[in-house]
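Enquirer: This is what each chain is made of:
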Amino acid sequence: MPILDRRCDAYPPVRGFIRCMKTYTQPVYPYIKPTEFGGSPQHWPVIVAGAGPVGLTAAIDLALRGIDVLVLDEDDTVSVGSRAICWSKRTLEILDRLGCGERLAQKGVRWNVGRVFFRDEQIYRFDLQPEPGHRRPAFINLQQYYVEQFLVERAKELPEVDLRWRHKVVGVTPRDDRVALRVSTPEGEYGVQTDWLIVADGSKSAIRGMLGLESAGQVFHDRFLIVDIHMTSDFPAERWFWFDPPFHRNQSALLHRQADDVWRVDFQLGWDADPEEEKKPERILPRLRAMLGEDARFEIEWASVYTFQCRRMHSFRGGRALFVGDAAHLVSPFGARGANSGIQDVDNLAWKLELVLSGQAPQRLLDSYDSERTFAADENILTTTRSTDFITPKSKVSRTFRDAVLMLAKRHAFARRLVNSGRLSVPAIAVDSPLNTPDAEPFAGRMVPGAPALDAPVTGDRGEWLLDYLGNGFTLLLFTATPSSEALLRDLKALASDAIACNSVIVGAANGPLPACARRIADPNGMLAERYDARPGVAYLFRPDQHVCARWRAFDLAAVRAAIAKATGQIPMAERQVA
Amino acid sequence: MTLNLEPNIASPDDFYQELIDLHRDLTDEQSATVNAKLILLLSNHIGDMEVLRSAMAAAREDVVATSASTSLSEHR
Chain A
1 MPILDRRCDA YPPVRGFIRC MKTYTQPVYP YIKPTEFGGS PQHWPVIVAG
51 AGPVGLTAAI DLALRGIDVL VLDEDDTVSV GSRAICWSKR TLEILDRLGC
101 GERLAQKGVR WNVGRVFFRD EQIYRFDLQP EPGHRRPAFI NLQQYYVEQF
151 LVERAKELPE VDLRWRHKVV GVTPRDDRVA LRVSTPEGEY GVQTDWLIVA
201 DGSKSAIRGM LGLESAGQVF HDRFLIVDIH MTSDFPAERW FWFDPPFHRN
251 QSALLHRQAD DVWRVDFQLG WDADPEEEKK PERILPRLRA MLGEDARFEI
301 EWASVYTFQC RRMHSFRGGR ALFVGDAAHL VSPFGARGAN SGIQDVDNLA
351 WKLELVLSGQ APQRLLDSYD SERTFAADEN ILTTTRSTDF ITPKSKVSRT
401 FRDAVLMLAK RHAFARRLVN SGRLSVPAIA VDSPLNTPDA EPFAGRMVPG
451 APALDAPVTG DRGEWLLDYL GNGFTLLLFT ATPSSEALLR DLKALASDAI
501 ACNSVIVGAA NGPLPACARR IADPNGMLAE RYDARPGVAY LFRPDQHVCA
551 RWRAFDLAAV RAAIAKATGQ IPMAERQVA
Chain L
1 MTLNLEPNIA SPDDFYQELI DLHRDLTDEQ SATVNAKLIL LLSNHIGDME
51 VLRSAMAAAR EDVVATSAST SLSEHR
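Which chain is which? The protein sequence lines are A and L, in order.
Our numbering applies: residue 1 is where the first sequence begins, and numbers increase by one.
Our numbering applies: residue 1 is where the second sequence begins, and numbers increase by one.
Hints may contain errors.
[To be verified] Distance condition first, Cα-Cα at most 27 Å in a straight line; then the derived DSSO-like pairs of lysine-lysine:
#1 A:K168 x A:K204
#2 A:K22 x A:K279
#3 A:K280 x A:K204
#4 A:K22 x A:K107
#5 A:K168 x A:K33
#6 A:K394 x L:K37
#7 L:K37 x A:K22
#8 L:K37 x A:K396
#9 A:K107 x A:K156
Rather than coming from a laboratory, the hints here were simulated on the basis of the structure.
From just these sequences and the hints, can you work out the full model?
Expert: Below you can see the structure in the form of structure tokens.
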């Protein structure tokens, strides 16, 4: 496939358009002179290149595992402009595990309703109102600069993280046993080395280029104007999407609310638009007035013109370099699958790196990071490409069918299912992952091996949600009806003292003391058992990233140990054995 | 289920006339819209992807020129 690395990625950071934002003051993080000048290169277990949302999340996850992490970023502030604004339920759950989900949820705007307009009328509305019994909503909207700021502040609480601003990686030398880096600062260069390099330096990844690797795919021939406006208005917190509206004929437009009365407005411009011209306020203002009405009072906070592409690297692992986020894969922005999937990348990677660094798992465990996340990237690329083809039809007949769908959607439910203004991000389910132990007994429901845990309300000493009890390490969830036998408790203690420890969560009424490695929760309204198709005796094994990797109708110590061995790459992955 | 290619319409001449009449007084563009809507309505009614795929393949048959120099597959 050809290399399509044009300077036109989705939401590029725009220099020279920093207006004085009314609602947000960019923090400036100080450059600090490194201690390495003149000395020999220091060695780090992990270096993260790039302090965007994905790199920062990686650093926090690793630090919470007790791993020292050096983060290098060439800039000294957070995202300029709102860029990624929709954060998914799964992202919030991952950040809950890392101790900063609540801050995003508090600051973000909750929304459930979307409206779709065609020409001059609304053709339908949808409600993403999730089923009850989840802590987090389907989405919140929050400007990327807030997310980065909150992540920086979380990282700074962790002594394992050394966050260095205006430190730019200018050279990479991969070796069998480490990676050597040259880092440029305002005061000169220094060398540093690491066991593992996490490459999180964005879509145009300089490090990817230095390593001679490429990200290939498809560029879309269309341009979009993206504008953040500050507006106090009665518009509800809903996602409004227009196909061919009267105020912007033959194109599409989007209006979406963010925090601080900031609104995201997106205008499709077509391929022939001049990006420099379209960014000028005198071009933007008439478009906004036509959309929002002559009486609307607003101020422009930020604007950018972008095109987008769908592409990915062939492999997300290049020796000791592990590629995450936009550096590894790029999708069209319809569906909020960029930053959200990047955060899922590092959720997948951090625990594997911990086990490899400590020598408890072989390096080939990291190949499963590649296979699981390229699978997810392909799903996101396919989904967003389809959205793009619907939103910006590429041929006359494609446009005819698109408009026919929209005309039918006003009257007929079936056609609404065909309308595609972006399929919003849901986590990929790694059904074919080599880390899964296939079911030996029948189960109903969505919690197949490879799926991230569905939350459910519970009671217990650690929180009111199932996800409070899962993650970071392996966890066994056991549904019981009778008091736990001495033999069972002995087995659970044995699991907790294995090299790769597995703690237990017992679902059931209080019935006697438990060892320290086990917690008890109750399922007062039965939602947990329903979501997991559980009867007494059922056992689920969760990975440290809260994904199901095995489940059984009855607990068996040897089976659990075999599943943990499989999920940590200790059984050669070519052997697809059934436990 | 497989695509039924045997006669299935009781009064073929009536059907055909109504299909043509459907497009009376329409511009080419309007006709294209009506055709697209009709395809979408019927496709949803059928629902079965296997039948729909067979119908799509049958519809495309003989449309693309068969000479080797212009066949689509040659260009892929």
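Enquirer: Taking the hints in turn, state whether each one holds.
Expert: Here's how the hints hold up against the structure:
1. For the hint linking A:K168 to A:K204, the alpha-carbon distance of about 14 Å falls within 27 Å, and the restraint holds.
2. For the proposed pair A:K22 and A:K279, the alpha carbon gap of about 19 Å is at most 27 Å, so the pair holds.
3. Distance restraint check for A:K280 and A:K204: the Cα-Cα separation of roughly 25 Å lies within the 27 Å cut-off, and the hinted pair is therefore satisfied.
4. Proximity of A:K22 to A:K107 is assessed by CA-CA distance (about 17 Å); at most 27 Å being required, the pair is judged to hold.
5. A threshold of 27 Å between alpha carbons decides the hint, and for A:K168 with A:K33 the separation of about 13 Å falls inside it, so the pair holds.
6. Between the alpha carbons of A:K394 and L:K37 the distance comes to roughly 19 Å, so the proposed pair stays at or under 27 Å and holds.
7. Between L:K37 and A:K22, the direct Cα distance comes to roughly 48 Å. Violation of the 27 Å bound is thereby established for this hinted pair.
8. Annotation: proposed proximity of L:K37 to A:K396 holds, straight-line Cα distance about 15 Å (limit 27 Å).
9. For the hint linking A:K107 to A:K156, the alpha-carbon distance of about 20 Å falls within 27 Å, and the restraint holds.
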